[in-house]
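At position 327 of the sequence shown the residue is numbered 374 (the numbering used here), and the sequence of numbers has no breaks.
Worth flagging that the hints you see were computed from the coordinates, not collected in a lab.
Careful, some of the hints might be misleading.
Claimed, not checked - Okay, derived cross-link-like pairs now, DMTMM-like style, lysine to aspartate or glutamate, Cα gap no bigger than 20 Å in a straight line: (1) Lys276 with Glu243; (2) Lys347 with Glu316; (3) Lys360 with Glu384; (4) Lys377 with Glu239; (5) Lys360 with Glu381; (6) Lys282 with Glu316; (7) Lys221 with Glu243; (8) Lys221 with Glu254; (9) Lys361 with Asp324; (10) Lys323 with Asp348; (11) Lys353 with Glu384; (12) Lys350 with Glu384; (13) Lys129 with Glu237; (14) Lys354 with Asp376; (15) Lys325 with Asp376; (16) Lys351 with Asp376; (17) Lys275 with Glu293; (18) Lys360 with Glu316; (19) Lys353 with Glu381; (20) Lys257 with Glu231; (21) Lys111 with Glu237; (22) Lys154 with Asp227; (23) Lys347 with Glu384; (24) Lys129 with Glu286; (25) Lys317 with Asp348; (26) Lys111 with Glu231; (27) Lys154 with Glu237; (28) Lys257 with Glu224; (29) Lys317 with Glu280.
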Amino acid sequence: MNKKYKIGFMIVLTILFFLTAFLTGFIAASLKELPLVILYFCVYLISLNVFYIIHELGHAFFGKVTGYRTLVIGIGSFQWFKKGGEWHFIKKPSIFSGAAQYAGIAKDRQSHSLWMLRGGLITHICFCILFFGLAYVRQSLLYVPFAMMHVFLFLMNSFPMGITDGARIQELKKHPERFDLFYENNRLYEAELNSEKLTNFELVLPELEKGILVEAAYIQYYTQAFYKKEFDEVKTALEYYGSFTENDILRAMSNAILLETYIITGDIEKATNLYKDKTLMKYLAQKPLLHAMYVLYIQKDFKKGKKYVQQAKKLLSPNMEFSDVFEHDKQNLENLEQLLTLDVSWK
Numbered sequence: 048m049n050k051k052y053k054i055g056f057m058i059v060l061t062i063l064f065f066l067t068a069f070l071t072g073f074i075a076a077s078l079k080e081l082p083l084v085i086l087y088f089c090v091y092l093i094s095l096n097v098f099y100i101i102h103e104l105g106h107a108f109f110g111k112v113t114g115y116r117t118l119v120i121g122i123g124s125f126q127w128f129k130k131g132g133e134w135h136f137i138k139k140p141s142i143f144s145g146a147a148q149y150a151g152i153a154k155d156r157q158s159h160s161l162w163m164l165r166g167g168l169i170t171h172i173c174f175c176i177l178f179f180g181l182a183y184v185r186q187s188l189l190y191v192p193f194a195m196m197h198v199f200l201f202l203m204n205s206f207p208m209g210i211t212d213g214a215r216i217q218e219l220k221k222h223p224e225r226f227d228l229f230y231e232n233n234r235l236y237e238a239e240l241n242s243e244k245l246t247n248f249e250l251v252l253p254e255l256e257k258g259i260l261v262e263a264a265y266i267q268y269y270t271q272a273f274y275k276k277e278f279d280e281v282k283t284a285l286e287y288y289g290s291f292t293e294n295d296i297l298r299a300m301s302n303a304i305l306l307e308t309y310i311i312t313g314d315i316e317k318a319t320n321l322y323k324d325k326t327l328m329k330y331l332a333q334k335p336l337l338h339a340m341y342v343l344y345i346q347k348d349f350k351k352g353k354k355y356v357q358q359a360k361k362l363l364s365p366n367m368e369f370s371d372v373f374e375h376d377k378q379n380l381e382n383l384e385q386l387l388t389l390d391v392s393w394k
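Please construct the entire structure, taking both the sequences and the accompanying hints into account.
Quick look at the structure:
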């Protein structure tokens, strides 16, 4: 994505955000009575989270209509997923604190329908029209900020940048053959949620090209290699990927695997340099276990490491038991807890 377009898009979103905030403040001021002002702001803030869920329900609805089976739906770190025919709750860090999540499995892998991916965007358009219509019919500005909120969410999700719906839609329209990668990624996600081992799957290494689906499949392949302890191969591939990609989110996900590889193999200098990456640091905010490994093994900071270990224990979900991720993280936690019990000086 051209850098000028990214900057221009962010400027448009910023202007829209401040315009919405100004209008909201203006309306609140016109209410005059403090209880009404507080109520209005409470409704406004709650509505934002409701609209996130509505976006994901839009995906779920259009997915259901076009032959998708809902796998995961959630908001923030709270997710509900289907396992063994029953719905289970799990608290799991979302990518870069994503507001809401949806994943579905296509029943017909020959289908190249994009309606599931478009579902969230269509939902925002419908609600935008609804709120502007209410503002016109009721002759009230109270509804306008809610309409503008949907404009903001539509633009944010439709722009082909990062891991947005727009990025996936654009890539699949341009490269229909990548639907196989899209379906395979969701299948592996389902396997992880159902406690299947990633190492039991035969993954094909895609030719590395620009695009969220190809790059995600590339990272998935070397994630499997990581669990197989093929560390030299992982280092070579992900070091190259870090300089290849323009997608900051996928780079951070890749670098997280690379950082853990450096820690495990005792490559202190590379681990220290990589840890300074700002985008990776944002991602690690959701990875307290990896934080703990770096702090204890590399920085040798007992106090800070203990804090991260406690955070990591809360996120280790029993619903994921027997998966590669669970077993790997559980073993790392046990090693760190054993390290913390040793009577040693960290100075």
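Looking at the structure, which of the earlier hints fail to hold?
7, 9, 15, 17, 18, 24
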